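Participant: One-letter residues, chain by chain:
Number of protein chains: 2
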Amino acid sequence: MPANTIFQKIFYPRSVALIGISSRQNWTFLRAFFFGNFNGRLYPINPKVDHYLGLKFYPSVRDVPDEIDYAVILTPANSVPGVIEECIDKKISAVHIFSSGFSEHSPEGKKLEEELVRIAKGKIRIIGPNCMGVYCPESGLTYRSSFSPESGKLAFISQSGGFSIAFVLWAQERGIRFSKVVSYGNACDLNETDLIEYLGNDEKTGIIAAYIEGIKGGRRFLDVCRKVSMKKPLIIWKSGKTEDGARAIASHTGALTGSAEAWDAAMKQCGAICTDSFEDTAYTSLAFYFLPYPRGRRVGCIEMSGGASVVASDACSRAGLSMPPPSEGTAEKLRGIVAPVGTSVRNPIDLAASYLHPGVADRAIELLGRDKNMDSLIVEIPLRVIADVFFWQEEEAGTIFDAVVASCKKIKETKPTPIVIHPITSKTREAMYDDLVRHKFPVFPDEEVAVKALARMLRYKEWLKPNSKPQKKRSKN
Amino acid sequence: MPANTIFQKIFYPRSVALIGISSRQNWTFLRAFFFGNFNGRLYPINPKVDHYLGLKFYPSVRDVPDEIDYAVILTPANSVPGVIEECIDKKISAVHIFSSGFSEHSPEGKKLEEELVRIAKGKIRIIGPNCMGVYCPESGLTYRSSFSPESGKLAFISQSGGFSIAFVLWAQERGIRFSKVVSYGNACDLNETDLIEYLGNDEKTGIIAAYIEGIKGGRRFLDVCRKVSMKKPLIIWKSGKTEDGARAIASHTGALTGSAEAWDAAMKQCGAICTDSFEDTAYTSLAFYFLPYPRGRRVGCIEMSGGASVVASDACSRAGLSMPPPSEGTAEKLRGIVAPVGTSVRNPIDLAASYLHPGVADRAIELLGRDKNMDSLIVEIPLRVIADVFFWQEEEAGTIFDAVVASCKKIKETKPTPIVIHPITSKTREAMYDDLVRHKFPVFPDEEVAVKALARMLRYKEWLKPNSKPQKKRSKN
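Protein chains in written order, with the numbering used here: chain X, -9 to 467; chain G, -9 to 467.
Any given hint might turn out to be false.
A pair counts as met if it fits within one copy or between any two copies, since identical chains are not told apart.
Stated by the list, open to error - Subject to a maximum C-alpha distance of 20 Å in a straight line, what follows is the list of computed SDA-like cross-link-like pairs (lysine to any residue):
#1 400 <-> 428
#2 442 <-> 269
#3 442 <-> 314
#4 221 <-> 142
#5 442 <-> 267
#6 442 <-> 266
#7 101 <-> 330
#8 442 <-> 270
#9 400 <-> 288
#10 38 <-> 314
#11 46 <-> 217
#12 100 <-> 336
#13 100 <-> 329
#14 430 <-> 312
#15 38 <-> 19
FYI, nobody ran anything at the bench for these hints, they're computed from the structure.
Remember, predicted model here, so these are calculated numbers, not experimental data.
Can you make the complete structure from the sequences, with help from the hints?
Facilitator: This is the structure in structure tokens:
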């Protein structure tokens, strides 16, 4: 069966068997199906249960009087080969093995996993074992009741189930929604390459992010990354680049790993965007999700703090971006609205306390945003200072905030405008923060993170140009 | 007048003049004095105001019928030289110039600043200009009404007023309290070296953190850093290491800057702890504030996610720390409490879903914490997953959380135990997060940040040993 047909059954199954639903941990799984509004048919399998949650249980998949597209296997490791054989008998095309106790566990587990692969070969495809499986809000397939039922354009694949959950929760609180998420564990059959290839062709997916511990089949992986990168941004966080990390991976998903340098060089050539931590991956995805591509390297920056201005300048320098002065016309107008001292109308524009006077920050944003010298705009919104200075003047605080957001909205359609809110938690700022998320602004914890994200978008765009044009020419020849 | 006497007057003034209180921005300043519980005498100076907030105003400092220890100058830049002369006439020992419009502003401003220095020389000492001044909760001196009136052992000096505010707010929400904070701006007279030297001798200060844009007088600065580092940790975030950063500094505080490499090498020799961002500085301070020093490089790690385990291993490798296996006795006991598959009792201990069973995570923490093979412990508390899995079972969630915290409390007295909560905001987890802060745990957003902080503490401790012993020997000779 071609991979696309298989993945169609995995992501959009008309019927799913949940094999081995038994303990409380497994009920969480079942409950998630209801939260996800799964609209196919559900067949729980357990010889010891008759009915639960209004569902009839079957002793085996063989007893189900219906075709089954996809099965989730939750039974203990040593029973899995037998279960797989039943699934093959039932002509199920693909299974997700949730169960652990395979190559990540022991030499015996490794043998058991090899046995699975042998049994399945040519007959059934496997996701896992040792993983959470699939979240596809469009079909309602999910493994966490806290995952949003809304769809979006980001896909995430993860060799760690824990990270897949943390990533979805982090992202959805910031307004990101997902097309498909796969926690794929030991990858004994369908692996990162198969998933990335499918998602590269998937129309519902606009951006792919991945957490990968070890690669199976390096050459094909690189080819696929290159092909996919020509179509959409592919963000890859590869862990286990150190010896100790590799050792931890061996007992996590049993994967083999390569050298850090070789990896980075190969990825760069493929056009993939390499990240190196959870936050790095998350913020990079956030930028690609919400921002248009910058036209060039010139960043305009509106700050309230002089210190933040310095940090923004350092960050741009390091990332290979520039902060040119605004055009003379813009500078002239800026001088007309800010206090004559304590501020700077060179770029970064340091508004200092003038930021808090109505009609200053919002106008400065529009002036700099419309300046032909700028390709993107970074705007600091000092939520905490606003909350602090206007503690009992909510209306005044709201007026300034609303005006700033309105200006950013005007600019962001043409120029990428990341928002920076310095990493200070505060209960008073929550409503304003939520407002920014609602207006689909990506919010970053500092200038460094925002600049890094912009630089990555630019680098990808630049890689895309020479790499996509010859491609087209060749096809004409 | 010796520097110590000057600083005594600056941080603990018996009487303060607020010169030029006039606009609303300045009232914020005055209000802060009331929030800070300032217990000295206050003399607002403004010829146009008679009374406000119950305080009598004076037309000039000369008219105040009392000695004045310290003055805050808020008048426009070009009036400041005249005001300084009046302060000298009044025999005021030190002033803080809040006003901007000096060397950071223009060539004329630079001349004005030079004039100030000339007038003041030998007669009065200056903090600033172009800065927020002093926060000393012990005396009640403050510049933000949101700053805590409680004292603590961290001192922070900052060339940026905005960062000084952001830093205090960030830190105090995490349980840190301050001995002294100084936003010192252009540093035309008293500078970073003077401040660090004073704080090095200050008994109320246990740790010093600094945000510095440019150094005045390199040789003495290095000598002071070395001397102070022998007494207490000195954490320095130096910005403006790039060309663009240096340009932004010129228009922020007018300071000159040096090369990045020279700086890092010099700092390392001095024993100072170099950081390179707001968060880096903040989390490093958090670690030094709350954690005992690790005895050695061996880190034990308790995780719920296998992915996080891999990241922790990578981070330790990079930071030069190790993750040795637990002793056989510990491993044996761990195997007795965790599920046989899907987990790992090698270090990092990956508890997977076993984490959520009562009596597992808390016992694992105590076992690993008491293991003689470990010098410190990193504990993941998966607050979000706890909140998610036990959404309607608050009691059960609370039981698991409380047991984990109780175990961490037992261990942390003897072994540094940073807590890691992955960067996922969630309203449901707030009460638990607040609990951790109340119990004085430093909470980090990921393993990388926690490990980096531990490694810095260890490096500082190691630097201290060879550098302090010969010192003592010499004094005996």
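Participant: Given identical chains, is residue 442 near residue 269, meaning Cα to Cα at most 20 Å, within a copy, between copies, both, or neither?
Facilitator: The answer is both: 12 Å in one copy and 16 Å across copies each meet 20 Å.
Participant: With 20 Å as the alpha-carbon cut-off, assign the pair residue 101 and residue 330 to within, between, both or neither.
Facilitator: Answer is between: at 17 Å across copies they meet the 20 Å cutoff, but 75 Å inside does not.
Participant: Taking 20 Å as the upper bound on the Cα-Cα distance, should residue 430 and residue 312 be classified as within, between, both, or neither?
Facilitator: Classified as neither: same-chain Cα gap 26 Å, cross-chain 42 Å, threshold 20 Å.
Participant: Using 20 Å as the alpha-carbon threshold, which applies to residue 442 and residue 267: within, between, both, or neither?
Facilitator: both (13 Å within a copy, 14 Å between copies)
Participant: Given a CA cutoff of 20 Å, do residue 442 and residue 266 count as a within-copy pair, a between-copy pair, both, or neither?
Facilitator: both (12 Å within a copy, 15 Å between copies)
Participant: How would you classify residue 46 and residue 217 at a CA-CA limit of 20 Å: within, between, both, or neither?
Facilitator: neither (45 Å within a copy, 76 Å between copies)
Participant: How do residue 100 and residue 336 come out at 20 Å by Cα distance, when the copy is not named: within, between, both, or neither?
Facilitator: Between. Shortest inter-copy distance 18 Å satisfies the 20 Å Cα cut-off; intra-copy 62 Å does not.
Participant: Can you tell me if residue 38 and residue 314 fall within 20 Å by alpha carbon in one copy, between copies, both or neither?
Facilitator: neither (71 Å within a copy, 44 Å between copies)
Participant: Using 20 Å as the alpha carbon limit, work out where residue 400 and residue 288 are close: within a copy, between copies, both or neither.
Facilitator: within (19 Å within a copy, 53 Å between copies)
Participant: When Cα atoms must be at most 20 Å apart, do residue 221 and residue 142 count as within-copy, between-copy, both, or neither?
Facilitator: The answer is within: 17 Å in one copy meets 20 Å, while 55 Å across copies does not.
Participant: Cα distance capped at 20 Å. Does residue 442 pair with residue 270 within a copy, between copies, both, or neither?
Facilitator: Classified as both: same-chain Cα gap 9 Å, cross-chain 16 Å, threshold 20 Å.
Participant: My question is about residue 38 and residue 19: at a cut-off of 20 Å on alpha-carbon distance, are they close within one copy, between copies, both, or neither?
Facilitator: within (18 Å within a copy, 72 Å between copies)
Taken one by one, the earlier hints fail for this structure at numbers 10, 11 and 14, listed in ascending order.
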